[in-house]
Structure formats: C-alpha cells, structure tokens
Amino acid sequence: MSKRIDVKNLDIFYGAFHAVKSVSMTIEPRSVTAFIGPSGCGKSTVLRTLNRMHEVIPGAYVTGEVLMDEKNLYAKDTDPVDVRRQVGMVFQRPNPFPTMSIRENVLAGVRLNSSKLSKSASDELVEQSLQGANLWSEVKDRLDRPGSGLSGGQQQRLCIARAIAVQPEVILMDEPCSALDPISTLAIEDLINELKSEYTVVIVTHNMQQAARVSDRTGFFNLEATGMPGELVEMDETAKIFSNPSKPATEDYISGRFG
Amino acid sequence: MTATSAPEAQARPKRRPGDIVFGGLSTASAFSILLILAGVAIFLISEAVPVFGADPAEITGGEGFLSYVWPLVFGTLVASLVAMAVATPVAVGIALFVSHYAPTRVGTAVGFVIDLLAAVPSVVFGMWGFQVFAPKLVPLFIWLQEHLGFLPFFESASRTGRTLFTASLVLAVMILPIITAVSREVFLQTPTLHEEAALALGATKWEMIRTAVLPFGKPGVIGGTMLGLGRALGETMAVAIILSPGVFTWNLIDSGNTTVPAEIALNFPEAAGLRLSELIAAGLVLFGITLAVNLGARAIVNRRAEFSGAN
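Going down the list, the sequences are from chains X and B.
If you're matching positions, the first sequence starts at 1 in my numbering and goes up one per residue.
If you're matching positions, the second sequence starts at 1 in my numbering and goes up one per residue.
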C-alpha cells in the first residue's frame, strides 16, 4: 500500500499567475519526504498537485506529469475523485467534520467509497484506524461524542485516522503540526515515523527541525523574488541537506541567514 | 503589600457617558420588544374573553367556539405545511446552486432575482394567483381527481382553481425567497476546511455537499423554513383573494376551507360585539400556533448543538 511518485517538469498556474516552475522529483515509497522553504515558495501548492486538490481553486491548472507507479494523475481519463481516494491528505488545521461523532468521522471516507459496511466490519475498521493513529486508547470510551470536542492534537490524529481508514497509497500532510503545541507535535511526529512503514508520506513543514527529525529525504523550495514562480532548488537525503547541501541558497536557508 | 485598598478602587471602572447612554438605549430596546409582545397578548386575551363565557348557541355555527375555530386552524395548518413542503426542497436547491454550483456572476444574478421575488407585495401575488395561476391549475386538479380521486384530498376538482391547494402553492412561492436567502447564507459560510476535508477523502461534489455543506447548514435551513412557515401561517391577503372559502372539507382541490387570517380579514370590517370577539379569539389561537412553531424550531436547532460546528 505505498506507491512511488515521479514528478516530471511540473509547472503550476493560477490563471495567468505562474506559481511554480518546472519541478521534477522522485518520491520514494515507504519513506517520509519533507518539503521546506520560505512562505510563498510553492511547497504547499506542489503538495496539493499530488492529489489534485489545487484544482479546488478556480482557474488552477498544471502542465507536466505526475506519475504514480507509472500512471499519470493528469492523464485525460483520470478522475480527480479517484486520485484523492488513493492519496489521502491531512491539513494545516485539524478539520474533523463537526456534525459527526468520532466514529462517523473515521468512517466518513469509507462511506463515500463503499456504501454498505457491516456493523462488525466498521467497528473493526474504526478500532484499527484509531490504533493506527495512536488515538484509540484516548477515545475508545467516547466514540459517539463529537470529534470537535477533542483537543487540537487529538483532532489532528483523528484526521489522520480518517485518512488511513480508506487505505490510501500516499498520505500528504500540509504543515500538520503548525496549529499544535509541542507535546501534540511530538505525538504526530512519532505517528509519522510509524506510518512510513506502510505508506508513502509527504509532509510540508515550516519547522526545519521537524523536517530533520521525521524525514528521509528533503526538498528545498525557494523563489527568486516576490511575484516570481517558486522552484525546487534541490532535493536529497535529509542528512545531506542539513549537513552539506549542494546549493548555496539551501545552505543560507538552513543556517538561518534568511527565511 | 502597601496598597491594600487598591482592589476597591479597581472594582469601580470609570463610567463613561457614551457607554451609559448606549447601554441604556440597547437595554430599553430589548425591553420594549417584551412590552409590545405583552401588550398584544393582553389585547387578544381581554378582547377574546367574552367568547369563552358566551352561550355556545350564540357563536357562529351554533356549536361553540372550538367547533367554530378548528376548521380555520386546519385550513391554516394545511395551507402552510403544504407551502413549506413544496418550498423547502426548491429553496435548498436554489441556495446550493447559487452557493456551490453556479459561477459567481450567475449565482449573484440568481440571488438578486430571488430577493426581488421577496419584494413583490402579497396582494400582487394574490391577484396573480386569482387571475393567472388558478385557471392554469384546473387541468392538474382534474387529472388528480381522475387518477387519485380515491383519496379524500382529491375527491372533486374545482373548475375555477380557487382552492386551498392553489393558495398553498402561491404561499410556497411567497416563502421561497426567505428560505432561499437564509439557506444561501449558511451554505456560503461552510468552512473551506471542511469542504476540502471531504474532497480530499475522494468525495464527488454532491458527496462533499452531503458530508460538509448540508450538515453544517441544517440549523440555518430549519431556521429559514420556520421563518417561512411563520409568514405562511400569517399570510392574509393572497389567501383571501385566491381562496373561494367554505366549510371544512378534506378535499384540497375544490372550493371550501379557509384560514384564520383570511377569515379575520374578510369578516372584521362588519363584525361587532360577540362576532368581533370571535375573530379576535381566532387571532389569539393563531398567535399561540406561531409561538409554538417558533419554540419548536428552536428546540430542533438546539437539540444537537454540540454537533453544530459552532464550537
């Protein structure tokens, strides 16, 4: 349940605005890939093209290819709905459905994919997904309470449980810890470490220490000036990026000279 | 610990004249609404009292107030509920189209037209219903009688179209704008975060609307529907013009039945003495029904408040 992603010459546009310029990269299965870079450099935008969520904004389009195990996500006959069923996403702020209980939240994606699920099968799936998100022991006695009643960190883990319940190939995380306190952040980082044994994980983060802690490979994005398109400066083993990057811009950014 | 008297000094914040004036004005406004409501209730009750002490034979119909008023209440409720049942799905559909399907420019234009519909006076709707709409409905009534005539609601068909059902449909058109406007506002407020959560799980547009938009907007839609129901219950002019009133009947597609407001409006000018008290007592009953509808709506909205997304 994890796939390799090859991005080839990807250019991203919002109407006339060229947001990201010619990105090519390979994302390895069963590993964590981190995107770092200053605000506005297009790292979240690139992340959102991996499950075609950027199309939610009217006028957005891309040129180039995103291949998931050789299958182009932007082929003419590819349905974005199918793409998103294989590529799960966790957002910057926890967003459990407020009108649903914890249990219903976990099952939300499964209910979309296959309408009928027996009571015992869904109980099992709820437990398995919440276990997978390290949340089961904290919520097992209140599965019918609203998901919005949990703490921020628990809500974010609930969102991860919801994403893994549909058994995706890839999990995208867009700054998943930026709204959380350090303890909750630690819980999510531990979870990311466990998730990579089964899934391809891609995470966008503003926190360089976090990238260093959780990721195997890191991509550094930058933009030359405001209004210019963002681009991928370099991508390499995380250890190499943080100790001996090949580009001076990366060196400047990670050593804190800008950004 | 030198200034032990400080807490007392701090306990009285400085009173600024602006705050006092504005605070007083808003408090007075809040209390005036209670006074007005109490005034109306006192008027209705005191004027209606003679009816309850009167000899049943003296009441219109000759069998007491209850048997006089219940057909009116029945007509009012049926007309309003049919109007609500017809208008709500259409209004929610329009609101979803405007908020989630239409391109911004088209959505704004449609929203504007709907608001214009709200600006049409009820007497105009009444004349339109009488002159244009009612005759157009006659073939439908005949069809209903032929195919569903075994139901008591469609026993015989009116040849003028001036029926309770026609009045209900016109009421539906009249309450459409308010339900649409309220629904559109709540649908537009659905947090993008929740919509994206649904889409990222692989929801189609309709599934996204079902998982994120409709549950979030439900209390608002119920609220809008109740506002519409309130308007339909009290609507006088359109019903008075369209409906050819008569005694109680289950049949909705022929003349007969009437509603509380129409009964009051048509008889009030010539009423005096006990007859006047009867009409005012009927008004009191309508007042009670509207109050109950609003309290009921509140209860529905509050029932699952912790799941509402407001927290």
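Simulated from the structure, these hints should not be mistaken for laboratory data.
Heads up, the beta-carbon is just placed ideally off N, CA and C, and yes, glycines get one too.
Treat the hints with care, as some may be off.
As the list claims (entries may be wrong) - Residues of chain B clear of chain X, computed beta-carbon distances all greater than 12 Å:
id: 1; residue: 36
id: 2; residue: 143
id: 3; residue: 204
id: 4; residue: 214
id: 5; residue: 216
Stated by the list, open to error - Taking lysine to aspartate or glutamate and the EDC-like style, the derived pairs with C-alpha atoms no more than 16 Å apart in a straight line are:
id: 6; chain 1: X; residue 1: 247; chain 2: X; residue 2: 237
id: 7; chain 1: B; residue 1: 205; chain 2: X; residue 2: 169
id: 8; chain 1: B; residue 1: 205; chain 2: X; residue 2: 82
id: 9; chain 1: X; residue 1: 71; chain 2: X; residue 2: 224
id: 10; chain 1: X; residue 1: 21; chain 2: X; residue 2: 82
id: 11; chain 1: X; residue 1: 240; chain 2: X; residue 2: 224
id: 12; chain 1: B; residue 1: 205; chain 2: X; residue 2: 127
id: 13; chain 1: X; residue 1: 76; chain 2: X; residue 2: 65
id: 14; chain 1: X; residue 1: 247; chain 2: X; residue 2: 224
Said to hold, decoys possible - Short, incomplete list of chain X residues facing chain B, as computed with Cβ under 8 Å:
id: 15; residue: 18
id: 16; residue: 38
id: 17; residue: 39
id: 18; residue: 51
id: 19; residue: 81
id: 20; residue: 89
id: 21; residue: 95
id: 22; residue: 108
id: 23; residue: 109
Worksheet item: Any of the earlier hints contradicted here, and which numbers?
Response: Result: hints 3, 4, 5, 7, 9, 10, 11, 12, 15, 16, 17 break, sorted rising.
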